[in-house]
Each structure stands twice: as C-alpha cells, then as structure tokens.
Amino acid sequence: MEQDIAQMRKALIRRAKKQVQERYSETDVDIIRAISVLGDLDNAFNLLAENAIEWYGGHFPELQSIVRDNEAYLKIVKEFGEKENISEKKLSKLLGETGKEKRIEEKAKSSMGSPVKKNALEELQLLASNALALKAERKKLQEFIEKEMEKLAPNFSKVAGGILGARLMANAGGLKQLAMMPASTMQLLGAEKALFRHLKNKKIKGPKYGFIYGHSFVKQVPGKNKGKAARSIASKLVLAVRADYFGNKKDVSKEMIANLEKRVAKLK
Amino acid sequence: MFTLEEIFPEIFEHEGKIFTKNLVPSVKVYGEKLLKIDNVEYRQWDFFRSKLAAAIKNGLNEMPIKQGSTVLYLGAAEGTTLSHVSDIIGKTGIAFGVDISERVMRKFIGMCEQRKNVMPIIEDARKPWTYKAFLEERKIDLLFQDVSQPDQARIFLKNTEYFLKKGSAGMLVVKAKSISQKSDVGSVFGKELGALTDQFKIKQVVNLKPFEKDHVLALCEKL
Ligand SMILES: C[S@@+](CC[C@H](N)C(=O)[O-])C[C@H]1O[C@@H](n2cnc3c(N)ncnc32)[C@H](O)[C@@H]1O
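Chains as they are written, first to last, in our numbering: chain L, 1 to 268; chain W, 1001 to 1223.
The hints are simulated quantities; they were obtained by calculation from the structure and are not laboratory data.
Among the clues, some could well be false.
[Unchecked claim] Here are the simulated DSS-like pairs of lysine-lysine, each with C-alpha atoms no more than 25 Å apart in a straight line:
hint, chain 1, residue 1, chain 2, residue 2
1, L, Lys-10, W, Lys-1066
2, W, Lys-1107, L, Lys-176
3, W, Lys-1132, L, Lys-250
4, L, Lys-158, L, Lys-249
5, W, Lys-1132, W, Lys-1107
6, W, Lys-1028, L, Lys-10
7, W, Lys-1057, W, Lys-1201
8, W, Lys-1132, L, Lys-18
9, W, Lys-1127, L, Lys-250
[What the hints assert, rightly or not] Just a sample of chain L residues kept apart from chain W, beta carbon distances all over 10 Å, derived:
hint, residue
10, Ser-36
11, Lys-193
12, Pro-222
13, Gly-223
None of these values were measured; they are calculated from a predicted model.
Here a beta-carbon is modelled for each residue, glycine too, at the ideal position from N, C-alpha and C.
Could you build the full structure based on these sequences and the hints that come with them?
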C-alpha cells in the first residue's frame, strides 16, 4: 500500500513535470525558429521566382504583365513548358477560373517571344518546380506556426493573428518577455531601425508602429489613423498575452476583438 | 513561556496566530515564519495568504482535515494552503492537488518533491474523469475547492459525483465577484450555495473578511 502510493506519487510528479515542460520550454523556441525560417523561405522563393520569370520572359514576354502572381506564373511554366502548349481549358483547370485564360492563350499564340531550347526548358521547369516546392513548404510551416501559437498563447494569437503574433514574440525573445512588455513597446516591435534613427536625430519623426502595421485592423483604417489603431491593438495585445502567460486559460479574446472592431469602425 | 494551544488536531494557536508542525523541518514554502519550540518546528499559517486559515481565524467550528486524511484539493495554485494541509495530514495522509495552470504548478511540483504526501495533477477541475484514475478509488475525506471560476458550484458538484461518498466533507470557497460583478454579494452567496443543498448539508458558512473581500467558505457534508 505505502509502496503503491510512493510509486503513484513519482508517476504523478513525472507526468506533471512533463506537462509543464511541454507547455513552456520548447514551444516558444520552435515557433521562434519557424518564424525565422518562414522569412527565409519567402526570400528564397522570391529569388528563384524572379530568376525563373526573367528566364521564361525571353520565350513568352507577354505573360508577366497578365499573371502578376508569382506562384501562378511558375505553375504555368511547370505545367506547359513551351507557350505553344498553353490552352484556355487546361489553364482554368490549373489555376481555377481567373477570367484571364482566354487572353493568355491568345497572347501565347501571337507572342513575339523566341523559341526555347529543349534542355534549357527542362532546367527552367525544374527551377519552377523547386520554387513551388518552397512555396508548399512555406504554407505548411505557416500552418505549423499558427497551430503552435494557438496552443502556446491562445488569446494573444487570436487577437494578433498567428503569424503576426509569432513575429512579435520572436522579436521580443519569447513569450515571457512578451508578457512583461508595456503596450508602448509592443506597438513599436519591429520598428527598431526607425526608432534608432529617431533617437539619433530627433528631427526624424519617431515610428508609430512596427509589425503591428500588418494587422488586419490597421490595414482597414486610413493613414492618419493608423497610429491610433496600432496603439489600441497594442494595448489589447498586452492584456491578451498576460492572460495567456499568467492566467488560467480563460478565453478573453472575443471581448477584446469586439472592442477593437468598434474602435476601428470609429477610425475608418 | 511560550505556549501553543491545539485548537484543532495538528493546528496550534498562539497569540491569535495559527501554526502547523513543519513536515519538512527548516524548509519554508511561501516565506512564512518558522518557530521552534521544544525541538519541534512550526510554520505560521498566514490568514491573508490562505483562505482556509482565514476561515479558521473567523470561527470555523469543525475541521474535517486530520492526521491520515485523504484530501482532494481543486485549485491548488502554488500550494500555499496545501502545504499546511500536508503538515496536518502527516505521513499517513494523502492530498491530491489539482490545478489547470502549468504556471502555478511549477512551484507546486517542487513542493510535492519535498512533501511526500502531496501529489500534483495538472488538469481542468471541470473534467474529473481526467484524473479519476489517479485517485484509484480511494475514499476522499474532504473535497476542497477554491478555483475562482463563474461555474464554481457546478465544478464542485461534478467532482462530488465522482469522488464523494455519504458523510464525506466538502469545503467550497465561493468568490462572489467571480460570478457577477453586479448582483449584490449576499444574494450570490445564497444562489451559489443553494445549488449545493440537494447533495449536501451545509453546516457553516464563514465570511473571510477582512482577509479576503467578497469570499465565503462553506463547510458541508455529503448527504
Ligand atoms: C485563488 S487560486 C487558489 C489558491 C489556493 N487555494 C491557496 O489558497 O493556496 C485559484 C486557482 O484555481 C485555478 N483554477 C482556475 N480554474 C480552474 C479549473 N477549471 N480547474 C482547476 N484549477 C483551476 C487557478 O489556476 C488558480 O491557481
């Protein structure tokens, strides 16, 4: 009997320690890594895409002005190869109805681009599919970050949005640092360069927002009010992250978001 | 001469302050005062830090926790109160401390490593089935709850259903503020405790003023 209790106690302590570990030690580290990789994947994708687009531009120069989205462009390169293979029907299958299919086919037929050598096209298509693979990885990574953020800091990630929340947290150095932060600092996270410039030379205006500029609510208000919107959001974010860090998992995000929506409506 | 009066089993009073015998001598749990008399070390039990201590101070007339008791404690937090419960139940008792927050439990786990009669369970007290297995059909002498949640009475009843037998004791801390900011304190206590009367005989309701605002501790017995 007494031995049973001793064993049970050890097991319970082990279990509780593991739960604490899972909740705190690793997750913010993984997210911080992942958000940095996300930025690198974006850069790498853009670099490869630009190269591929320029290369394919010799063969089908008209395409770039019709298809602005890099991912869609690369899909066309990968799927069709020579512009002569492009057809309206297959295009809508590949990209969904975009309303541009017909024009692309027409332009392909009347293009002033020069023929492309078969082995060069192979290289080019390989480049396109590598870039697209990076894009796919990026999407997966984004989902990972959003999911982990939701687990680590549910209130904060709902108010900020998963990716923006992760950026803020990475910039702060971790969840704990984020939870200790005053709203004014939160508002300017990501604006360090502008802040330093301002501090060095007071004639340059100080920044009004950092990463928060990317928040959907800031986007909805006109330029002159963006600073105000950023401040309101920052003040809620601080409360949200404290609720996550110090609180007991209560959902306080709904009320905060409703509050912000009202505020944003006034600033529009 | 320094004299301690045993006001409940293993709970001692001196000059209006109360103490328990330190199960782990020379170790403090939350910065409380230690006191040595006749080679026995006592820990002062702070009325402002522990609602159970406040209830004792304010005239609780029965103490269901004794040497050897098995206690299920919901809302363990950092274990301030539980550390004294651990002193009282001694080596033959067991206390299970449940709390939903990993943050507060970090400190509590450290305490469990030193006090062999306390066990940490990180779960939501709304879901007793998640920790039922750990209690291994043990008879629970006391269900203590202090979770500051709006549905505190429901949580208490849910756990009652799982763990309490006829005659077992219950202690529920009701925080009126956590139910509704507006309705007046008295009626909230009434409403919350009213929900218990089907299952419990309510023996005493102790107001925790001035140590805690808008709190009472209800002592009850399972019918
Ligand atoms: C006021 S504190 C308890 C203090 C403790 N009784 C003492 O005197 O040392 C309330 C605790 O309840 C916990 N809690 C809140 N909701 C809970 C739930 N649903 N299940 C378990 N614990 C909960 C909180 O994490 C917090 O630690």
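The hints, checked one at a time:
Distance restraint check for Lys-10 (chain L) and Lys-1066 (chain W): the Cα-Cα separation of roughly 24 Å lies within the 25 Å cut-off, and the hinted pair is therefore satisfied. As the CA atoms of Lys-1107 (chain W) and Lys-176 (chain L) are separated by approximately 17 Å, the hinted pair is consistent with the 25 Å bound. Restraint check for Lys-1132 (chain W) and Lys-250 (chain L): the C-alpha separation of about 23 Å stays at or below 25 Å, so the hint holds. At most 25 Å may separate the alpha-carbon atoms for a hinted pair to count; Lys-158 (chain L) and Lys-249 (chain L) meet this at roughly 13 Å.
With a CA separation close to 23 Å, the supplied pair Lys-1132 (chain W) and Lys-1107 (chain W) stays within the 25 Å bound. Taking the CA atoms of Lys-1028 (chain W) and Lys-10 (chain L), the gap is about 22 Å. The hint holds against a cut of 25 Å. In summary, the hint linking Lys-1057 (chain W) to Lys-1201 (chain W) is supported, as the alpha carbons are separated by about 22 Å, within the 25 Å threshold. Of the supplied pair hints, the one linking Lys-1132 (chain W) and Lys-18 (chain L) holds, its CA atoms being roughly 19 Å apart against a limit of 25 Å.
With a C-alpha separation of about 15 Å, the suggested pairing of Lys-1127 (chain W) with Lys-250 (chain L) holds against the 25 Å cut-off. Remark: the non-interface label on Ser-36 (chain L) is consistent with the geometry, its nearest Cβ contact in chain W lying 26 Å away (cut-off 10 Å). Lys-193 (chain L), annotated as away from the interface, keeps every beta carbon of chain W farther than 10 Å; the closest lies near 34 Å. Pro-222 (chain L), annotated as away from the interface, keeps every beta carbon of chain W farther than 10 Å; the closest lies near 37 Å.
With a cut of 10 Å on Cβ distances, Gly-223 (chain L) stays outside the contact zone with chain W, its closest approach being about 39 Å.
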